[in-house]
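Asker: Residue numbers (the numbering used here), protein chains in the order written: chain X, 2 to 397; chain D, 484 to 748.
No wet-lab data here; the hints were simulated from the structure.
We treat Cβ as the ideally placed atom computed from N, Cα and C, and that holds for glycine.
A couple of the hints might just be wrong.
One side of the interface only, derived from the structure: several residues of chain X facing chain D at Cβ under 7 Å [as the list claims (entries may be wrong)]:
| # | residue |
| --- | --- |
| 1 | L20 |
| 2 | P122 |
| 3 | Q123 |
| 4 | Q147 |
| 5 | V158 |
| 6 | T196 |
| 7 | L204 |
So the derived label-pair ranges between C-beta atoms look like this [to be verified]:
| # | chain 1 | residue 1 | chain 2 | residue 2 | range |
| --- | --- | --- | --- | --- | --- |
| 8 | X | R373 | D | V584 | 20 to 30 Å |
| 9 | D | S688 | X | S57 | 58 to 68 Å |
| 10 | D | E705 | X | D62 | 54 to 64 Å |
| 11 | X | Q123 | D | T518 | 29 to 39 Å |
| 12 | X | E40 | D | E655 | 22 to 32 Å |
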Amino acid sequence: MQALQISHLSIVNSLGAGLAATADALRARRSGLAPCTFENVALETYAGEVAGLDDSRLRSDLADFDCRNNRLAQLGLQQDGFVDAVAAAQKKYGAERIGVFMGTSTSGLLQTELAYRRRDPQSGALPPDFHYAQTHNTYCLADFVQRYLGLKGPAFVVSSACSSTAKVFGNAARMIAAGVCDAAVVGGVDTLCLTTLYGFHSLGLISRTPCRPFDVARDGISLGEGAGFALLEKGTARTDEAVMLLGVGESSDAHHMSTPHPQGLGAQLAMHRALASAGLEPQDIDYINLHGTSTKTNDASEDQAVFELFGDKTPCSSTKGWTGHLLGAAGITEAIISILAIKHGLIPGSLHTQMLDPELRSNYQVDNRDARLQRVMSNSFGFGGSNCSLIFGRPQ
Amino acid sequence: MMRVFVEGVGVLGPGLTGWQASRPVLAGEAPYVATATVLTASDLLPAAERRRTGTPVKLALAVGCEAFANAGRDAAMTANVLTSSGGDGDNVHQICETLAVAVLEVSPTRFHNSVHNAAAGYWSIATHSREPSTSLCGHDASFAAGLLEASAQIVVDGKPVALIAYDHAYPEPLHAVRPIGGNFGAAFVLTPHATDRTFAVWDVSLVASVESPSSLDDSALEALRLTVPAARSLPLLSALARNATEVLMLEFVGGNSLRIAVTPC
């Protein structure tokens with residue numbers, strides 16, 4: 002694929018608001034996970050909650066979109082000068098030439114969960130203040146972001162569980178290559194809700210402790226929430242120091258709805274296709290930011306896939322010990338972490354991982370380490386066997 | 484402008500049971516009678532998975548399989564774009580109803596069926612496809628979103644893509660806030676070049692203005708188009724059924740439309 006310029010980024014998660022908060026927490030090995038106090042959840046687990054969402058308000062013209070997920074979207078858009086960067090792109094290309102391709106898994110589902118507690122006792126109707134199209138519908142995130150930024154180009158939501166906000170980089174690359182738009186805002190948001198907390202609990206996949214990717218005693222995920230956005234533009238990088246999107250690889254497992262392929266065949270295919278799309282070989286990758294959810298099967302399957310393709314040389318790690326698993330927002334969050342790793346020359350290790358699982362064979366990094374990184378791969382794999390690998394790097 | 488070639492079609496909806504059977508109705512040569520959509524679980528799925536599928540998954544698999552059968556193409560080797568305005572409303576209703584009362588629990592099957600890409604997951608299992616799959620939502624414009632994405636994939640990657648659109652009627656109380664008027668699915672196997680099976684060409688372009696969307700002459704079919712987002716594909720199906728040369732408009736988002744110039748071949 003034609004490499005794409007990444008002009009601007011913004012991020013919010015439990016590590017804080019803005020790129021500096023995430024970069025500082027990575028460097029200082031400060032986790033955003035804390036004992037879960039979300040809603041009326043009675044699970045003993047840790048979560049990466051974003052502070053201040055309960056008291057935040059949406060811009061008044063978009064009040065009907067009010068739900069936790071869109072509040073987090075707004076908070077994300079307000080960071081790192083992102084709105085100004087989009088306004089500059091709008092001046093350059095025109096509002097109708099900038100696409101909005103968002104990813105989310107649960108969108109505003111929490112709003113519906115809460116509305117079901119307030120159904121009319123006689124008729125069973127949902128409360129009149131419940132706005133389906135603006136808060137529950139999966140598309141509402143892209144609708145909100147497009148309106149907030151005043152853009153008028155093509156827009157949709159990709160919702161493929163935990164690969165959603167990785168896949169949107171592919172959508173944007175294709176739309177720009179096809180000439181449908183000249184630039185795109187990609188990324189997305191996922192917030193905590195009862196369905197995911199109790200859903201993963203029912204599958205026996207929620208850890209009682211902060212998640213420990215690749216640890217011999219790993220026993221499940223910690224959930225988190227977050228938002229991240231990237232402005233992508235056609236054309237070449239402005240400086241040698243710029244980081245670009247170099248490759249995208251997508252695949253399906255054809256195996257099981259909620260369990261990855263045991264040998265990681267789908268994951269391998271996604272990584273292989275990302276390398277092919279970037280015109281790179283495995284040895285060209287300096288670090289892999291793994292999906293690394295910290296469940297027994299996910300880490301084992303991904304390890305097999307990485308080992309098969311990269312052997313035991315390429316350094317890799319999961320940063321979910323910092324943020325928790327952000328589900329639909331994992332892709333964009335870890336894409337941004339990968340870009341920060343290149344910019345700051347830092348291989349982040351793994352938080353809470355105490356004893357590496359001896360069965361796992363890839364070159365997993367527990368400690369942080371400084372390194373000059375030219376190219377980084379970021380993996381995102383989701384329910385339904387949906388896999389996506391991205392490659393970011395300096396211009397070649 | 485993005486040029487794609489239509490190789491196979493599948494359709495299932497009220498009074499529309501498969502492409503061949505529906506062709507005379509969609510061409511205006513036979514009367515349209517809106518009987519309930521006939522749904523069956525795909526026999527391509529292993530028994531355990533088959534039992535777990537809800538209405539939207541049944542719709543998606545049925546129309547997708549029909550389109551591939553008509554195209555004579557292997558689904559395992561073909562990328563796909565699935566698009567739905569909201570996934571499985573029955574399942575969401577059950578989950579939210581359970582979570583609203585004291586017993587806080589979600590069944591594992593309900594949980595994995597709650598993801599918007601559940602149909603894509605079952606499709607991949609049923610067809611053994613490891614090809615890329617994209618699950619989209621564009622609210623009322625979900626079909627247009629899917630057609631735009633499928634077209635972009637075809638012209639950029641130069642490979643065939645199956646576009647599968649589906650929506651189903653929600654139970655109350657969701658129906659009151661999101662009144663979807665029936666169970667409907669449509670699928671198209673699209674290719675970057677003409678093949679022996681090609682029977683129409685679509686030139687797809689994004690138009691930065693709101694144009695009147697193309698409608699249908701039959702009032703009952705038009706009602707279906709208006710009340711089911713996936714049925715916004717009906718003008719395209721009708722043009723294909725009539726072997727017509729015409730320009731169709733689909734409403735998209737953000738003040739945009741999709742223009743599709745249909746040419747039979």
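Asker: If a hint holds in the structure, say so; if it doesn't, say that too.
Answerer: We went through each hint and held it up to the structure:
no.: 1; hint: L20; result: 28 Å, violated
no.: 2; hint: P122; result: 12 Å, violated
no.: 3; hint: Q123; result: 12 Å, violated
no.: 4; hint: Q147; result: 6 Å, holds
no.: 5; hint: V158; result: 5 Å, holds
no.: 6; hint: T196; result: 5 Å, holds
no.: 7; hint: L204; result: 5 Å, holds
no.: 8; hint: R373(X) with V584(D): 20 to 30 Å; result: 56 Å, violated
no.: 9; hint: S688(D) with S57(X): 58 to 68 Å; result: 40 Å, violated
no.: 10; hint: E705(D) with D62(X): 54 to 64 Å; result: 34 Å, violated
no.: 11; hint: Q123(X) with T518(D): 29 to 39 Å; result: 34 Å, holds
no.: 12; hint: E40(X) with E655(D): 22 to 32 Å; result: 25 Å, holds
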